[in-house]
Amino acid sequence: RRGLGVAAGPPSTRQLREAEEAAPVFQYAGKAAKRKDRVFVWGFSYSGALGIPSFVRPDAGWKKPRRIQPTPYRLETEEKISSAACGYGFTLLASNTRDITKVWGMGLNKDSQLGFQRSRRDQTKGYEYVLEPSPIPLPLEKPQQTRVLQVSCGRAHSLVLTDSEGVFTMGNNSYGQCGRKVVEDEIYSGSHLIHQLKEFDSRVVQVVCGQDHSLFRTKKGTVYACGWGADGQTGLGHYNITSVPTKLHGDIAGVNIIQVSSYGDCCLAVSDEGDVFGWGNSEYLQLASVTETTQVNVPRHLPFNIGKVKEAACGGTGNVVLTEEGNVFVWGYGILGKGPNLIETAVPEMIPPSLFGWSDFSPDTRVAHVRCGLSQFAALTNKGELFVWGKNLRGCLGTGRKEDQYFPWRVTVPGEVVDVACGVDHMVSMVRSF
Amino acid sequence: VRGPRFRKLKIGVGHRLDVKASGVFVLGIGHGNKLLTDLYNCHLTKVYTVGGLFGKATDDFSDTGNLVEKTTFDHITREKLERILAVIQGTNQKALLMYSNIDMKTQEAYELAVKGLIRPMGKSPPIITAVRCLQFALPEFQLEIHCLHETQQYLRKMVHEVGLELKSSAVCTQVRRIRDGVFTVDDALPRTQWNLQSIQEAIRNCQLKVETELEKTL
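Just so you know, the protein sequences line up as chains U and W, in that order. Mapping to this note's numbering: the first sequence position 20 is 20, numbers consecutive. Mapping to this note's numbering: the second sequence position 6 is 6, numbers consecutive.
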């Protein structure tokens with residue numbers, strides 16, 4: 001019998017085990033814990049393009065405005081964002097919900113590329129800089145049934161693609177890039193006009209904005225273009241502006257195109273058989289493999305022997321394609337991703353897969369998507385990692401460093417990156433949490 | 001002349017292995033101590049098999065410590081674990097490039113990065129070059145970790161952090177070094193063979209490997 005005056009002593013193994021079994025079990029995540037969808041932004045924030053107002057107008061007196069966000073920062077959104085696009089100083093986010101608000105915009109709005117944002121101080125004027133994601137009122141006929149599939153942004157105009165009501169365009173139209181007739185001396189700032197485009201040979205499935213032109217790809221595999229054409233980027237056989245979307249011919253006539261891409265003044269298209277076609281500006285050797293001229297105004301087939309191409313992306317001076325095997329090829333001018341020695345090439349060069357995380361340990365790692373900004377490239381792997389390279393303009397690469405990146409570098413994002421949109425000096429990524 | 005062959009031996013030790021861990025332990029005898037410092041400066045990776053157990057968290061991250069918390073773990077799947085391991089590899093990859101003190105803007109940096117030969121050649125915090133899940137049977141799992149400049153306690157802490165990332169908790173049950181630079185488990189002598197003959201034979205077998213590795217790096 002143990003007396004009350006005896007000390008307790010160290011707990012025996014049996015006592016420890018009993019204490020352990022009696023301890024409460026905490027549950028942090030149930031079996032059905034879902035992965036959340038998040039949006040991360042980084043780059044130049046002073047234009048409001050990142051959608052975080054405290055970066056431009058700090059909410060406390062002692063805080064300083066943050067001009068550049070060098071690493072990914074989480075942006076709170078009300079809905080799950082399915083598509084995002086970065087323009088020149090502004091961003092569009094779209095969700096494929098059936099609610100009334102489907103598209104949000106932030107950043108520069110001097111040409112109403114984000115629609116009309118009514119100013120709270122003066123009800124007749126609109127905001128010129130939108131600092132946080134604000135809904136864009138689209139003139140839909142059936143707002144509770146139509147879904148927004150995709151958005152795209154150019155220098156000063158934007159395109160919104162819906163599933164049943166065609167394409168909506170807004171912003172600057174001085175070159176007809178919005179698909180409507182050019183009105184002389186039109187004032188774009190504070191304009192309510194959003195134009196709707198419905199006349200195509202079949203349903204539009206992809207919209208792409210170049211710097212001052214627009215491309216539309218339909219379900220049948222045809223490509224339409226409108227806008228500025230001085231570099232031949234409309235591909236219509238002339239160098240004038242076009243204000244009505246017109247079908248392209250040339251080498252893509254009769255070819256089923258499955259993807260188009262453009263961001264500057266050069267355009268690329270990929271067919272279902274894996275061939276690449278290009279037109280537009282070729283001052284940086286983008287199309288030098290077929291022609292010496294610096295402006296190509298008719299789509300030309302680019303005979304590359306790199307295998308079947310799955311996806312292409314055009315930047316300002318460089319282009320990148322992804323083949324079916326998962327290899328990434330780059331060509332053009334600028335920081336292409338193969339070290340500082342490779343500045344320009346007319347023929348595609350492959351970036352070794354070991355730079356994208358492929359190794360003996362993970363031999364099934366391959367690149368799933370490629371994207372292009374104006375002077376930077378981004379690649380997404382099937383493991384959900386994001387690699388960037390190119391000019392680090394105002395921190396747009398998201399690496400946290402100020403220097404340019406000459407070969408693919410991982411961006412640390414807390415989650416699995418599903419998609420990324422690249423702009424001139426900022427990037428937006430859609431991420432699923434672990 | 002009669003007497004024992006060796007009366008005094010100078011023995012030096014390679015990378016540390018703590019009390020609760022097991023595995024390959026490199027020793028240098030006599031003149032071999034000089035090679036030990038050279039091997040240390042080569043900064044070669046070491047490979048460990050680390051065993052873990054989900055559902056518990058202890059104060060010293062191993063299963064013999066004081067219990068801190070118990071959690072559920074039935075929501076953990078192999079894919080989630082592999083996703084976390086991919087992120088760990090990614091962040092450590094960046095640390096690898098940053099601590100190697102190579103100017104990222106040069107062509108040589110690009111060439112080394114392609115071949116995967118960029119390594120910190122000086123002091124650096126622990127870096128993990130590769131992780132792989134070998135076995136997964138709830139609540140136990142086993143990982144193979146390749147690392148540089150680490151301690152075994154760091155590996156146990158990593159197991160604990162993996163548990164936290166998966167919204168549960170984990171403790172480390174076993175740490176076993178299976179490779180230290182050029183020396184693998186096959187070269188290592190088990191306890192039954194700790195006699196002069198086997199030691200001499202083992203040294204002879206490994207001599208060539210050590211010399212080639214040293215020449216390659218220095």
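Hint data in this document are derived by calculation from the structure and do not stem from the laboratory. Possibly wrong hints are sitting among the right ones.
Dumping the calculated DMTMM-like pairs for lysine to aspartate or glutamate here, alpha-carbon to alpha-carbon at most 20 Å [to be verified]:
1. W:Lys80 to U:Glu416
2. W:Lys105 to U:Glu403
3. U:Lys220 to U:Glu311
4. U:Lys383 to U:Asp37
5. W:Lys115 to U:Glu78
6. W:Lys167 to U:Glu78
7. W:Lys80 to U:Glu325
8. U:Lys310 to U:Glu292
9. U:Lys31 to W:Glu150
10. U:Lys34 to W:Glu150
11. W:Lys94 to W:Glu108
12. W:Lys20 to W:Glu150
13. U:Lys36 to U:Asp419
14. W:Lys20 to W:Asp59
15. U:Lys63 to U:Glu132
16. U:Lys220 to U:Asp272
17. U:Lys34 to W:Glu165
18. U:Lys402 to W:Glu150
19. W:Lys115 to U:Asp419
20. U:Lys310 to U:Asp419
21. U:Lys383 to U:Asp360
22. W:Lys80 to W:Glu140
23. U:Lys34 to W:Asp103
24. U:Lys31 to W:Asp103
25. U:Lys36 to W:Glu165
26. U:Lys34 to W:Asp63
27. U:Lys383 to W:Glu150
28. W:Lys216 to W:Glu69
29. W:Lys94 to U:Asp404
30. U:Lys247 to U:Glu186
31. U:Lys391 to W:Glu165
32. W:Lys94 to U:Glu403
33. U:Lys219 to U:Glu184
* For which of the previously enumerated hints does the structure constitute a violation, in increasing order of number? -> Of the numbered hints given earlier, those the structure breaks are 5, 6, 7, 8, 9, 10, 18, 19, 23, 24, 26, 27, 28, 30, 31 and 33, listed in rising order.
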